[in-house]
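Protein chains: 2
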Amino acid sequence: MLSLSVLTIGDEICIGQIVNTNASWIADQCTRIGCKISIHSTIGDDIQIIVNELERLLSQSDAVIITGGLGPTHDDVTKDALSKYFNDSLVLHQPTLDYLTSIYAKRGQTVSERNATQAMLPSKATILSNSRGTASGMWFEENGKIVISLPGVPTEMKGLMEEHILSHLSKRADETEGVQLYKTLLTTGITEANLADLIGDPKEFLNGSSLAFLPSYQGVRLRIGVQENNKQNASAELERIEYYIRKRANKFIFGENDQTLASVVAQLLIKKNQTVSVAESCTGGMLGAALTDISGSSAYFEGGVQVYSYSAKHNILNVRPETLTQYGAVSKETVEEMAINVRKKFGTTYGISISGIAGPGGGLPEKPVGTVWIGIADEYKVSAKKFVFGNERSINRERSVGSALEMLYRALLDE
Amino acid sequence: MLSLSVLTIGDEICIGQIVNTNASWIADQCTRIGCKISIHSTIGDDIQIIVNELERLLSQSDAVIITGGLGPTHDDVTKDALSKYFNDSLVLHQPTLDYLTSIYAKRGQTVSERNATQAMLPSKATILSNSRGTASGMWFEENGKIVISLPGVPTEMKGLMEEHILSHLSKRADETEGVQLYKTLLTTGITEANLADLIGDPKEFLNGSSLAFLPSYQGVRLRIGVQENNKQNASAELERIEYYIRKRANKFIFGENDQTLASVVAQLLIKKNQTVSVAESCTGGMLGAALTDISGSSAYFEGGVQVYSYSAKHNILNVRPETLTQYGAVSKETVEEMAINVRKKFGTTYGISISGIAGPGGGLPEKPVGTVWIGIADEYKVSAKKFVFGNERSINRERSVGSALEMLYRALLDE
Chain Y
1 MLSLSVLTIG DEICIGQIVN TNASWIADQC TRIGCKISIH STIGDDIQII VNELERLLSQ
61 SDAVIITGGL GPTHDDVTKD ALSKYFNDSL VLHQPTLDYL TSIYAKRGQT VSERNATQAM
121 LPSKATILSN SRGTASGMWF EENGKIVISL PGVPTEMKGL MEEHILSHLS KRADETEGVQ
181 LYKTLLTTGI TEANLADLIG DPKEFLNGSS LAFLPSYQGV RLRIGVQENN KQNASAELER
241 IEYYIRKRAN KFIFGENDQT LASVVAQLLI KKNQTVSVAE SCTGGMLGAA LTDISGSSAY
301 FEGGVQVYSY SAKHNILNVR PETLTQYGAV SKETVEEMAI NVRKKFGTTY GISISGIAGP
361 GGGLPEKPVG TVWIGIADEY KVSAKKFVFG NERSINRERS VGSALEMLYR ALLDE
Chain P
416 MLSLSVLTIG DEICIGQIVN TNASWIADQC TRIGCKISIH STIGDDIQII VNELERLLSQ
476 SDAVIITGGL GPTHDDVTKD ALSKYFNDSL VLHQPTLDYL TSIYAKRGQT VSERNATQAM
536 LPSKATILSN SRGTASGMWF EENGKIVISL PGVPTEMKGL MEEHILSHLS KRADETEGVQ
596 LYKTLLTTGI TEANLADLIG DPKEFLNGSS LAFLPSYQGV RLRIGVQENN KQNASAELER
656 IEYYIRKRAN KFIFGENDQT LASVVAQLLI KKNQTVSVAE SCTGGMLGAA LTDISGSSAY
716 FEGGVQVYSY SAKHNILNVR PETLTQYGAV SKETVEEMAI NVRKKFGTTY GISISGIAGP
776 GGGLPEKPVG TVWIGIADEY KVSAKKFVFG NERSINRERS VGSALEMLYR ALLDE
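If you're matching them up, the sequences are chains Y and P in order.
1 is the number that the working numbering gives to position 1 of the first sequence; each next residue is one higher, with no gaps.
Just add 415 to wherever you are in the second sequence, counting from 1, and you've got the working numbering.
No lab work stands behind these hints, which were simulated from the structure alone.
Take every hint as true, because none was put in to throw you off.
Straight-line alpha carbon distances no greater than 35 Å define the calculated DSBU-like cross-link-like pairs of lysine-lysine that follow:
no.	chain 1	residue 1	chain 2	residue 2
1	P	573	Y	367
2	P	573	Y	183
3	Y	106	P	747
4	Y	344	P	801
5	Y	145	P	499
6	P	796	Y	344
7	P	598	Y	158
8	Y	183	P	499
9	Y	386	Y	271
10	Y	84	P	618
11	P	521	Y	251
12	Y	171	Y	183
13	P	666	Y	106
14	P	521	Y	203
15	P	618	Y	106
16	P	759	Y	344
17	Y	385	P	759
18	Y	344	P	782
19	Y	344	P	747
20	P	573	Y	158
21	Y	106	P	782
22	Y	367	P	687
23	P	560	Y	84
24	P	759	Y	332
25	P	646	P	598
26	Y	332	P	521
27	P	686	Y	367
28	P	598	Y	84
29	Y	203	P	499
30	Y	231	Y	124
31	P	521	Y	385
32	Y	367	P	521
33	Y	332	Y	381
34	P	800	Y	344
35	P	521	Y	386
36	P	801	Y	106
Produce the entire structure from the sequences given, and follow the hints as far as they go.
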C-alpha cells in the first residue's frame with residue numbers, strides 16, 4: 001500500500017482564515033486510487049518548520065503532497081524549504097520562463113524580475129507544467145520517497161493533479177503490496193439507526209472490512225472500506241459487501257460516491273424528458289441554485305419564483321388570500337397552492353414548493369422555528385409534507401432543500 | 416503568547432470524505448483572542464497514533480484542542496487515547512449520566528448500555544457539559560500544558576467552545592507574554608495589483624507587522640497581523656496600520672473581519688428602509704439565497720424570479736421577444752428589462768438581474784463561456800454591466816453573485 005501524507009503550507013490556512021479544501025480533495029482523490037492517507041498537516045510559511053515537518057512526514061509515509069507557498073512574493077518560501085531539504089539549489093527552468101513570457105505577452109506585458117523568479121526551480125525536481133497559472137509543480141524522488149509540491153490555488157492544484165500526478169501515483173500504488181479501497185453508498189429518507197437495524201450486525205458480513213455510517217443533511221452515507229493484497233480482490237470484496245447491503249436497503253440507496261441527490265434527480269429528469277419549476281419562500285432560491293448547479297440543467301429546469309413575502313405569494317403566485325389568512329404562509333394548503341400554481345405558470349411536469357420558518361425569529365407555539373412545509377404537484381395530483389427541523393437557520397434551509405429533492409426523487413421513481 | 420495546535424481525529428476527514436471546517440473555525444476563533452496557531456494535524460481513529468501525535472504537538476505548543484472520536488461506537492477511541500496519554504482511567508460522571516437519562520426520557524427511551532458509555536469519562540479531566548449533544552467536552556491540565564477534547568459535530572464543538580472554552584483561553588493568553596492579533600479589511604471592486612499600488616510599499620508603514628493580500632470571489636481581503644508584548648499595544652498598532660490603509664483605499668473597503676458583502680448590503684437596506692427583488696437566470700436562485708442567508712431578511716427581501724429558460728424570461732417577466740431575439744438572453748438590453756420588470760412586479764426599491772453563460776456549454780464566439788450581464792434598476796434609472804469571468808461553472812456563478820451584490824452596494828452608497 002502506498003502511504004501518503006498531505007502537507008498544507010500557508011499562514012492564512014493556519015490561522016483559520018481559509019478552510020482547507022485542498023487537503024480533503026487530495027486525500028479523496030488519492031484514496032480512490034488505493035493510497036492510504038496517514039496524516040494531513042498544516043503549517044505556516046517558515047523554511048525551518050517546513051523542513052522539519054517534511055522530515056517527519058516522510059519518516060511515516062512513502063509520499064508527501066505539498067500545496068501552497070509557490071507564489072512570487074517574499075512570504076512564499078516552499079521552494080527554498082525544498083532546496084534546503086534536498087540539499088539542492090534553484091536554477092533557471094527555460095520552458096517555464098518561456099511559458100511565463102508568453103502569458104505576460106498576451107496581456108501586453110513583459111515578465112518582471114519578481115515574476116521571473118517563478119522560473120527558478122530546484123534542479124533535482126521534475127517540473128510539471130501548470131496551464132492554469134504561473135507556479136509550476138515539482139516532483140522529487142529520493143531514497144524511494146516521493147515529494148510533490150503544488151500551488152495552493154485550488155483550480156491550479158487540481159489541474160496539476162489530474163494532468164500529471166494521479167495516473168503516476170496510481171501506477172505506484174499498484175506496484176506496492178496491499179491496497180485499500182472505499183466505496184460509498186448514498187441513502188435518503190431513512191435515519192442512521194433504522195438503516196443500521198435494516199442492515200443488521202456488521203460482524204456478520206464484514207470479514208475484517210469496515211463500514212461507516214456518515215449522516216449528512218441529504219441523508220446517511222454508508223462507506224465501505226476494504227484492505228486486500230491487490231486491486232482485483234479489493235474490488236471483489238467491495239462488490240460482495242455492496243450486494244449484501246443493497247439486498248437489505250436498496251430502496252433507500254439513491255447513488256454512489258460523489259453523486260448528489262441533485263445530480264441523480266437531474267439524470268432522472270433528463271432520462272424521462274421531464275421538467276421542473278420551483279416556488280421558494282424560506283430557502284430564497286437555494287433549491288433552484290441546487291438544481292442549476294449541474295451543467296446542462298436547462299434541459300429540465302424552467303425556472304421558479306422566490307416568493308419570500310406574504311404579498312409576493314399572493315401577487316406573484318396567486319396564492320389565495322383566504323388560504324394565507326386561514327392557514328398561514330407555512331401550511332399544507334399554501335404550499336400545495338404554490339406547487340400547483342408554479343407548475344402551471346412555467347408549464348413544467350413538476351412544481352415544487354417550500355415554505356417554512358428558518359429562524360431564529362418568527363417561531364410560534366404551534367409552528368416552532370424549523371417547521372417547513374414542502375409541496376409537489378404534477379398534472380394529476382398534489383401532495384405536501386411537513387418537517388420539523390431544528391433551531392439553526394442555515395441548517396434548516398439546507399435540510400429543506402435536501403427534503404424537497406428527496407420528494408422529487410421519489411416522485412420520479414413513481415413511489 | 417499562548418501557542419496552540421489543532422488536532423482533528425477521524426478516518427472520514429483523513430481520507431478526504433469530509434472537509435475539515437472545524438480546524439479552521441477553531442483556529443480563527445483562537446487567533447482572535449490572541450493565540451498563536453502552530454499546527455493543524457489530522458489523523459485517523461487509532462489509539463497509539465493519537466497518543467504519539469498528542470505528545471509531539473504538546474512538545475511544540477502550550478495547548479492542543481482535539482475534535483472528534485467521542486461517539487459511542489467502537490471506532491471512537493479518543494477517550495481511550497487520552498486515558499493512555501494521561502495515565503488515567505474512565506470513571507462514571509454522574510451529571511453526564513443524569514443528563515443522558517433526561518435526554519432519552521424525552522424520547523420515551525431509557526439509556527442503552529452503549530449510550531451510557533458516554534458518561535464514562537477520564538477522572539483527571541474537568542468535564543464540560545454539552546447542551547447540544549451527548550458527548551461531553553474535556554479539559555486536561557498537566558505540567559503547564561492544556562489539552563481540550565471536543566466532539567466532532569460542528570454545532571456541538573462550537574457550542575462548547577463558546578460556552579466553556581474561549582473565555583478561559585483568552586484569559587490564559589492575556590497572562591502569557593506577547594500577543595498576536597489580526598484584523599481583516601474587506602475590499603470590493605479593485606484588483607489585487609491595483610490595491611497594492613494604491614497602498615504603496617508595505618515596508619514604509621508596517622514596522623515589522625504583516626499585511627497579506629487574500630483574493631476571493633467577493634473581493635480582495637487585506638489581513639493585518641501584529642505581534643506585540645500586550646493586547647493594548649497590539650490593538651494600537653492594528654489601528655495605526657488600519658488608518659494608514661483606509662486613508663489610501665477607503666472607498667474600496669466595505670467591511671471588516673467576518674462580515675460579508677451580503678451582510679453589509681443587508682444592514683444598509685435596513686438602515687435606509689429599502690427593499691430589493693431579484694431576477695436570476697444563470698445563478699438559478701443563488702443571489703436570492705445569499706440575500707436571505709441573513710436572519711431578518713424579510714425586512715428588505717421581497718422575492719424574485721428564476722427565469723432560467725428563454726420562454727420564462729418572456730412569459731414570467733415580460734421581457735419582450737424582440738429584445739431576446741435581437742440582442743439575446745445574455746445582453747445589456749435583456750438584463751435591463753429584467754431589472755425594471757422585476758422591480759415593478761415586486762414593488763421594491765431596487766431590482767437586480769443576472770443573465771450569463773455559466774458554462775461549460777453554451778459559449779459563442781462573441782459571447783464566450785463566462786460572459787455575464789448584470790442589471791440594476793430603481794425608480795429613476797436602470798444600468799447594466801458586462802463581466803467576462805472564466806471557464807468554471809461554479810466559479811462563474813459565485814462571481815456573478817459577488818458582482819451583483821457589489822453593484823447593489825455601490826447603489827446603496829449612491830456612488
